[in-house]
Amino acid sequence: MMPLNYYLILSAVVFAIGVVGVLIRRNLIVVLMSIELMLNAVNLTFIAFSRYLGSMVGQVAVFFVMAVAAAEAVVGLAIIISVFRQRQSLDPQDMQILKW
Amino acid sequence: MVTSNLTTADYDLLRWIPLIPLLVAAFNLFWGRALGRKAAGVLACAALGASFALAFFAFWQLPSNGMFRDLIYTWIDSGSFKVNLAFQVDALTAVMLLIITGIGFLIHIYSLGYMDHDEDSIRFFVYLNLFVFFMLTLVMGDNLLLLFVGWEGVGLCSYLLVGFWYRDPSNAIAGNKAFIVNRVGDWGFLLGIFLLVTELARQGVWTLDFVELQKHTSMLSPQVIGLITLLLFIGATGKSAQIPLFVWLPDAMAGPTPVSALIHAATMVTAGVYMTARLHFLFSLAPATLSLIAWIGAATAFFAATIALTQNDIKKVLAYSTVSQLGYMFLAVGLGAFGAAIFHVFTHAFFKACLFLGSGSVIHAMDGEQDMRKMGGLKAHMPTTYWTYLIATLAIAGAPLTAGFFSKDLILWQAFSHGAMALWAIGVITAGMTAFYMFRQVFMVFHGECRADAHAQAHLHESPAVMTLPLIVLAIGSIFSGWLGAPEYLWGSRWDVWLSAIFAQPEAHHDSATAEIVVTLLTLGVVAIGIYLAYLKYGRASERSAQQDQSDGLFYRLSLDKYYVDEIYDLIFVRPFTAVSRFFAEIIDPWVIDGTVNGVAALTRGFSQVWRGVQTGNVQHYAMGLLVGTLALLAYYLSQS
Amino acid sequence: MIVDVAIVALKAFLVVFMVLNLAGILGWVERKGSALIQDRIGANRASILGFAGMGLVNTLIADPLKFLTKEDFVPPAGDKLLHTLAPCMALFPALVTFAAIPFGDVITLGERVINLQVANLNVGILYVFAMGSLGVYGIVIGAWASNNKFSLLGGVRGSAQMISYEVAMGLSAMGVLMVYGSLDLQEIARDQGALISTLLPPALGFLQPVIGWLPAWGVFLQPLAFLLFFTAAVAETKRIPFDLPEGESELVAGYHVEYSGGKFLMFFAGEFAEVVTAAGVVVTLFFGGWQVPYLMRDGFHFPWGSVWLLPQITVVILQLIAFTVKVLFFCWLQILLRWSVPRFRYDQVMRLGWKMMLPLALLNVVVTAVVIIAAQ
Amino acid sequence: MDLSTLIFFLLAGLLVISSLLVVFLRDVVHCALALVAALLIIAIFFVSLHAPMVGILQIMVYAGAVMVLFLFVIMFLNPTVLERPRALWWSAAGILALLLGGLLVPLFFNHEPPGDPVASTELFGSPEMLAKSLFGDFVLPFEIASVLLLVAIVGAVVLGKRERSAP
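Protein chains in written order, with our numbering: chain A, 1 to 100; chain B, 101 to 741; chain C, 742 to 1117; chain D, 1118 to 1284.
There may be inaccurate statements among the hints.
[Stated by the list, open to error] Mimicking DSS-like on lysine-lysine, the simulated pairs with C-alpha atoms at most 30 Å apart in a straight line are:
| hint | chain 1 | residue 1 | chain 2 | residue 2 |
| --- | --- | --- | --- | --- |
| 1 | C | 773 | C | 807 |
| 2 | B | 474 | B | 637 |
| 3 | C | 773 | C | 890 |
| 4 | D | 1278 | A | 99 |
| 5 | C | 1096 | D | 1278 |
| 6 | C | 811 | C | 890 |
| 7 | C | 811 | C | 821 |
| 8 | D | 1278 | C | 890 |
| 9 | C | 821 | C | 890 |
[Unchecked claim] Listed next, with one range per pair, are the computed distances between beta-carbon atoms:
| hint | chain 1 | residue 1 | chain 2 | residue 2 | range |
| --- | --- | --- | --- | --- | --- |
| 10 | A | 85 | C | 993 | 25 to 33 Å |
| 11 | A | 85 | D | 1144 | 17 to 25 Å |
| 12 | B | 729 | A | 85 | 31 to 39 Å |
| 13 | B | 733 | D | 1270 | 34 to 42 Å |
| 14 | D | 1133 | C | 779 | 39 to 47 Å |
| 15 | C | 1003 | D | 1261 | 44 to 52 Å |
| 16 | D | 1144 | C | 1116 | 52 to 60 Å |
[Said to hold, decoys possible] To be clear about the criterion: a stretch of chain A counts as covered by chain D if any three or more of its residues have a C-beta under 8 Å from a C-beta of chain D, and this derived list gives those stretches:
| hint | segment |
| --- | --- |
| 17 | 32-41 |
| 18 | 56-69 |
It should be emphasised that the hints constitute simulated quantities derived from the structure, not laboratory data. Please read all numbers here as calculations on a predicted model, not as lab measurements. Beta carbons are placed, not taken as given, at the ideal position from N, Cα and C, and that holds for glycine.
In isolation and in its complexed conformation, chain A is listed as follows (with noise of 0.2 Å):
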C-alpha cells in the first residue's frame, strides 16, 4: 500500500511535464496531446484520493473528466484541421494574426 503522497507527487510530475509540452511545442497536435497528459495528471490524483479516502466521488469525478476531454479532443482536432487547411501549418506561431 503505497503512500498516498507518492502517488500525488507522481502526478504532479506527470503534470509539470504536461505544461512544459503545452508551452514549448511548435506543433499544436502535440499541444494537445500534453493537455490530455496533464488531464491524465490529474485524473491520478483523483483516483488516488477516492481510493484513499475510500469515496467513489473521485472516480466519478474521472469519468466526467474522461468525458470532457474526449469532447474537447474531437472539437480540438477538428479545429486544427480547418486551420491546417487555411494555412498548410500546424505551428501556432503562424497563428498571430488575433492581436492588436
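Got chain A sorted already, so can you dock chains B, C and D onto it with the hints?
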C-alpha cells in the same frame, strides 16, 4: 384661507380637449404638405372648434362648486411622491378654457385669411395648435408640475412664433429675447416649486397636487410661504411681462399679428395671473408678497401706459397697453381680488384680441406698414375694421357699459374699498392715459387724411370676411362679456357667484353703493379727459402731420425711447454676460477642456502603445501568462500554510 | 500459492496455444475452403508420403518456417522502430482478449476451485472491447512506419473503420448486458444455462409453450443485437467484406504493403487470431458460451422433466467440447462470409456503420430497456 | 521494499519517461505512441487503486478512441516537416515547469496523508458502485455531460466539414 370643498367627479372627456390640437399639430407637421396649405389651416381651425365645443360642453355640465377630473396615468411614482398626468376642470379652469379655445378658435379663423399669402402657413398652424395644446395643459393640469410643463411649452411656442419669420434676423433676436427673459422668470418659478415641495416634504407631505396643496398649506410657516410666493411671482413677472421683466413683450410684436393677439394679449401672458389665482390659497397667506404684487402691478400699469403714449408703431402701442392692462390684473391680485383679476383677464382677452386683429387687418391693408404716422383716414376704406376697432377701444378705455368699464372699475373699486388710495390713484390716472393713447391711435390711424404714399393708397382694401368676422364677434364680446360682472348697483355680478366656490371673495363694502358710484364717475371723468386731450391733439387738428410731435421735451423723448430700459439692461446684464461667455468660449473651452480630453486620450494611446506588445497573438505566450499566475497563487498559499 | 500461479500460467499458455494453432489451422482451412467454394482443389502440393491430407500439418509447420526464412524488408525511408513494433501491436491484443473469455465452468477439484477462464474480471466485456480497440494501433502504426502512400491510405481507412464499428459493437452488446445484468463474461455464460421459461414475465406467459423450452441464449433474447454484433465483429477483423484497410484491388495490400517475412506472418496470424477471438466473444455473448443445452452441473435436466445425471468430469469435458465446437463453427462462418460476399466501397462501409447499425443498435437498447422495465 | 513498492516505482519510472517522451520527441507519431503508453500505465495505476471500471474506461476512451483519433488526424494532415523546438522557450518553460513541480511537491508534503480507510472491499470501484453514484447523486451532471458530448459532435462536424464555397 379657504379649504376647497369642491365635489369631484371623474370625466374622461377632458383629455380630448388638449389632445385634439396636439394630434392635429402632429398630423399637419408630417402630412400637412400633402394636405395642402388651405386644407391644413382649415383642419387646424376645426381642431380648435372641436376642443372649444368640448370645453363648452364640460363648462355647461360643470356645477359652479364642482370639479371634473380626468386621470390619464401616474406620471411619476417614486416612494410616497406621486405625480399624476391628470386634468382637472373647476370654475376657474372652465373660464380659462373658454377664453383659450374660444378666442383661439376665432384667431385661427382670422389667421386663415391673414397668413393666406405666407408660404409657411402650415408651420404656422402647427405652432399655433401646439401652443393651444400647451396652454390647455397649463390651465387644466391638476398639479404644479403639469402646470409647469404647460408653462414651458407655451414659452417655447411663443419663441417659435415670435421668430416665425426667422429670415429677418431682428425677428430671430426678438424671439431669443422673449425666450431668455422668460428663462429668468422660470428660474424663479422653478425655485418656488422646489421650495414648496421640499418644505411640504419636511412636514411629511409629498405632493404637487393643487387640492392636496390647498389642504396642507396651513403647515407652512408664514416666512416660507412668503418666500415661495415671491419666487413664484418672479415667474409670473416673466411670463406676464411685469416690471422688471416686461421688456420682451414689445419686441415680441415681431411675430405675426394673430400670434400677438392670441399669445401676447389673450392667453399666454395671462398665465401668470392664472397661476397666482390657481395658487390663491398660498398667495392669500402672504400679505407682504401681495402688497408687493399690488405695487408692481400698479407701477407696471402706469409705467407702460406712459410709454404707450408716444409710440408710433401701431402694434407697439397695443403691446404696451397689454403690459399696462396686465399691470391692472396684478394690481387686483395684489389686492387679493383674484376674481376681479380673472374677470379682467376675461374681458381683456376680448377687446385686446379685437384690437390686435384690427391692427392686423390694418397692417394687412397697408401691406406690412406699421408706422401710424404713415396712416390716417382709413375709416373710409375699411369700415368694418374701423367700427370694431372703435368698439374695442371704447372697451379698453372703459367707456360705460363696455367690458373694460366693468372689469377695470371692479379692480379700482377693490383698491378704493381696501383703502389703498395710492394704488387707486395710480389706477385712475393710468385709466386716463389708457383712454388717451388708445384714442390717439384711433385718430392717427382712421381719421384725418391719409398720409400713406400713393402706391400704398392704391390697394387699400377692406379685409376679407374670414378676417372681419372674428373682428365682429370679438367686438360684440368686448361689449357684453363685461355684463357678467356688473356691480351691485346694477343687476349684480354673476361672475362672483360663479367663482365664489373657488375664491373667498374679499367682501367689497356693497353697502356703500353710493361711494362706488361716485368712484366710478370719477374714473369716467378722468377717462373722458383723456379722450378729449387725444381729440385735441390728434383728432381735431388732424391736418397737422404727426411728425412735429418730436419737438416736445425731455419727458417725451424718455417715453418715446421707453426710458432706455433695454439699453440699461443691455449694459448691466447682457454685455457682461456675453463677455464672460466669450471668455469661456474662446479660452476655457478650446484650451482647458479640450486640452484635458485630448491629453487623456493621448495618455491612453501612449500606454496602449507600450502595453499592446504584451498581446502577441501567440497562444503559448498566453499559456505562459496563465502558468505564471498559477505559480504566484501557489506561492501565496504555500507562504500561508 | 505456487500451485495457483502454476494453474494461471497453465490456463494462459493453454489459451494462447489454442488460439495460435487455431489461427494457423484457419490459414489452411481458408485455402481449402476457398478452393471448395470456387470449385478448385486448393493447397494440395504439400503432401507427405503422397497423403495430401497431411497438408494441414504442413501448413502448420512449413508456412511459418517459410515466412521466417524470408528477408525482413524495411523501407529505407520508413521508421525502423515502429515498423518492427507494429506487428506485435497487431497480434498482442487479439491474443490477450481471449483471457477474459470463459471456456468452461468453475470446477472444484477437492477443495480447490478452478475457474476455467484466464482472468476473471468483473468488467470482462469492457476488457474485451478495450483490447479490441487497441487492435487498431497495429495497422495504423504499421501503415505510418512503412512511409508508403498506399499503406498510409490503408492506415487512415483502418483507423476510421475500427472506431466506427467499435461504437456499433459496444452499443449492440449493451442490450445483452442489460438482459443478463452483468459485465462478467463468466456470469453471462452461466446465466445462459437457464431456460427462457424462467425469464418470461407473466405478461408473456402465453409464449411459454412456444419458446419456453429454449435455453436463454443471447441469440434468442437479442436476435437483432446478435446480427449487429456479429457484423461489427467481422468488420473489426478487417476481412472481406470489410477489408478496406487492406483493399487489395486499390491499395495493393494496404497497411502491410511493405511487410514481409516474420512481421507479415505476425500480421497474418493476428488477423486469424482476431477471427478466433471474435468467434469466442460472439459465442460467449449469444450462444451460451460453454453451455450445453439442458446440461446442469450434475447432468441433463430436460424441459419435459426427465433427468440424466452425469459425473462432474464428464460435464466439464462436454462443456469444453461444446465451447470449442461453437467457436470453430463461427470461425468457419466467417471464412464462408469472406469468400462469398462482395466487398463494400469505403463510403458504403461508413454509411452502414454510422447510418444503419448505430441507429439500429440504439433502437435495440431502447426497446430492451423498455421491455425489461415492463417485465419488472 | 516489497513487491508492490517495486512495481509502483517501476511503473512510475515508466510513466515519467513516457510522458517526457511525449514532450520531447520530435516525431508526432512517436509522441502519440508515447502518450498511449503513458495512458496505459495510468490505467494500470487505476486498476491497482481499486478502480478497475475507470481503468478499463481509460483504455477504451483514451487509448481506444481519443488517441486513435489523434493518429487519424496526424495521418490525415500528414505534416511532413519535423518541428524545431525554440531554444528560448526550452529554457523558460523548462524552468517554470520545474518550478511548478517544485511548488506542487512540498505542497503535498505539508499535508498529512489521510488515513487509509477500511481496506476497500472487492465491490469498491466496481461497475455497480460507480453506476450507483453516477446515476444517483451525479445524474444531473451525467446528463449535462451527454449534452456536452452531443454539442462536441455537432461542432466537430461543422468545423471539419469543407464548405462548398472554398476552392
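Outcome of the hint check:
| no. | hint | result |
| --- | --- | --- |
| 1 | C:773 x C:807 | holds, 19 Å |
| 2 | B:474 x B:637 | holds, 17 Å |
| 3 | C:773 x C:890 | violated, 33 Å |
| 4 | D:1278 x A:99 | holds, 27 Å |
| 5 | C:1096 x D:1278 | holds, 18 Å |
| 6 | C:811 x C:890 | holds, 24 Å |
| 7 | C:811 x C:821 | holds, 18 Å |
| 8 | D:1278 x C:890 | holds, 24 Å |
| 9 | C:821 x C:890 | holds, 17 Å |
| 10 | A:85 x C:993: 25 to 33 Å | holds, 29 Å |
| 11 | A:85 x D:1144: 17 to 25 Å | holds, 23 Å |
| 12 | B:729 x A:85: 31 to 39 Å | holds, 34 Å |
| 13 | B:733 x D:1270: 34 to 42 Å | holds, 35 Å |
| 14 | D:1133 x C:779: 39 to 47 Å | violated, 56 Å |
| 15 | C:1003 x D:1261: 44 to 52 Å | holds, 51 Å |
| 16 | D:1144 x C:1116: 52 to 60 Å | holds, 55 Å |
| 17 | 32-41 | holds (count 6) |
| 18 | 56-69 | holds (count 11) |
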